[in-house]
Amino acid sequence: MSNIRSFFVAFLATSGTLLPAQTPTQIQPKPPAFDVASVKQNKSVGDGRSHIWSSSDNGNFKTQNVSMKGLLEFAYGMPQAQIVGTLDKVSVATFDIDAKLDEDSETRFDFARRTFSPHLSS
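Using the numbering used here, you'd call the opening residue of the sequence shown number 97 and step up by one each time.
These are computed hints drawn from the structure, not numbers from a lab. Please note that a few of the clues may not be correct.
In silico EDC-like cross-links for lysine to aspartate or glutamate, where the CA-CA straight-line distance does not exceed 20 Å [as the list claims (entries may be wrong)]:
1. Lys185 / Asp131
2. Lys185 / Glu169
3. Lys158 / Asp131
4. Lys165 / Asp192
5. Lys158 / Asp194
6. Lys196 / Asp153
7. Lys165 / Asp184
8. Lys158 / Asp192
9. Lys136 / Asp184
10. Lys165 / Asp143
11. Lys139 / Asp198
12. Lys139 / Asp184
13. Lys136 / Asp194
14. Lys158 / Asp143
15. Lys136 / Asp192
16. Lys158 / Glu169
17. Lys165 / Asp198
18. Lys196 / Asp131
19. Lys158 / Asp198
This one's a predicted model, so the numbers in the text were calculated from it and none came from an experiment.
Hey, can you work out the whole structure from these sequences and the hints?
Quick look at the structure:
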């Protein structure tokens, strides 16, 4: 009888290691979102200058006459020379953007930029 008891004690003690690991269900974070966003292709013939305004105080983000490469450069802190493989249309077309991040997205965007920028520039 004691052999059976010893067997069950040993079985119960090791059965936890035989079962697949259970992890608590993780809540997937919401993707970044804008409260309001307007994106329009800039077709004006101007002086060729581009501008990006970004406010860390209120989540406002605005561009004028900025290419997709320029947006990638700003978002990831990469020089445009390192952004390769884009279509000519993407490199030439410029956009005006007026957007307002929701508060939660602004925090996550700032964290992601600080976290990933050093890895992308090497």
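Here is what the structure says about each hint:
For a cut-off of 20 Å, the pair hint linking Lys185 to Asp131 is broken: about 29 Å separates their Cα positions. Restraint check for Lys185 and Glu169: the C-alpha separation of about 17 Å stays at or below 20 Å, so the hint holds. With a CA separation close to 14 Å, the supplied pair Lys158 and Asp131 stays within the 20 Å bound. In summary, the hint linking Lys165 to Asp192 is supported, as the alpha carbons are separated by about 14 Å, within the 20 Å threshold.
Simply put, Lys158 and Asp194 have alpha-carbon atoms about 4 Å apart, close enough for the 20 Å limit, and the pair holds. The hinted pair formed by Lys196 and Asp153 meets the criterion: a straight-line CA distance of about 11 Å does not exceed 20 Å. Only pairs whose Cα atoms come within 20 Å are accepted, and Lys165 paired with Asp184 is accepted, the gap being roughly 11 Å. Proposed proximity of Lys158 and Asp192 is supported: the alpha carbons are some 7 Å apart, at most 20 Å.
A hinted pair counts as satisfied when its Cα atoms are at most 20 Å apart, and Lys136 with Asp184 qualifies at roughly 18 Å. Under the criterion of a C-alpha separation no larger than 20 Å, the hint pairing Lys165 with Asp143 is consistent with the structure, at around 19 Å. A C-alpha spacing of about 29 Å is found between Lys139 and Asp198, which places the hinted pair above 20 Å, so the restraint is violated. Our distance criterion of 20 Å between C-alpha atoms is met by Lys139 and Asp184, whose separation comes to about 16 Å.
A distance of roughly 9 Å separates the Cα atoms of Lys136 and Asp194; the hinted pair therefore holds under the 20 Å criterion. Proposed proximity of Lys158 and Asp143 is supported: the alpha carbons are some 18 Å apart, at most 20 Å. With a C-alpha separation of about 5 Å, the suggested pairing of Lys136 with Asp192 holds against the 20 Å cut-off. The hinted pair formed by Lys158 and Glu169 meets the criterion: a straight-line CA distance of about 15 Å does not exceed 20 Å.
Of the pairs offered as hints, the one joining Lys165 and Asp198 is violated, with about 24 Å between alpha carbons and a cut-off of 20 Å exceeded. Restraint check: the Cα-Cα separation between Lys196 and Asp131 comes to about 6 Å, which is no more than 20 Å; the hinted pair holds. In summary, the hint linking Lys158 to Asp198 is supported, as the alpha carbons are separated by about 15 Å, within the 20 Å threshold.
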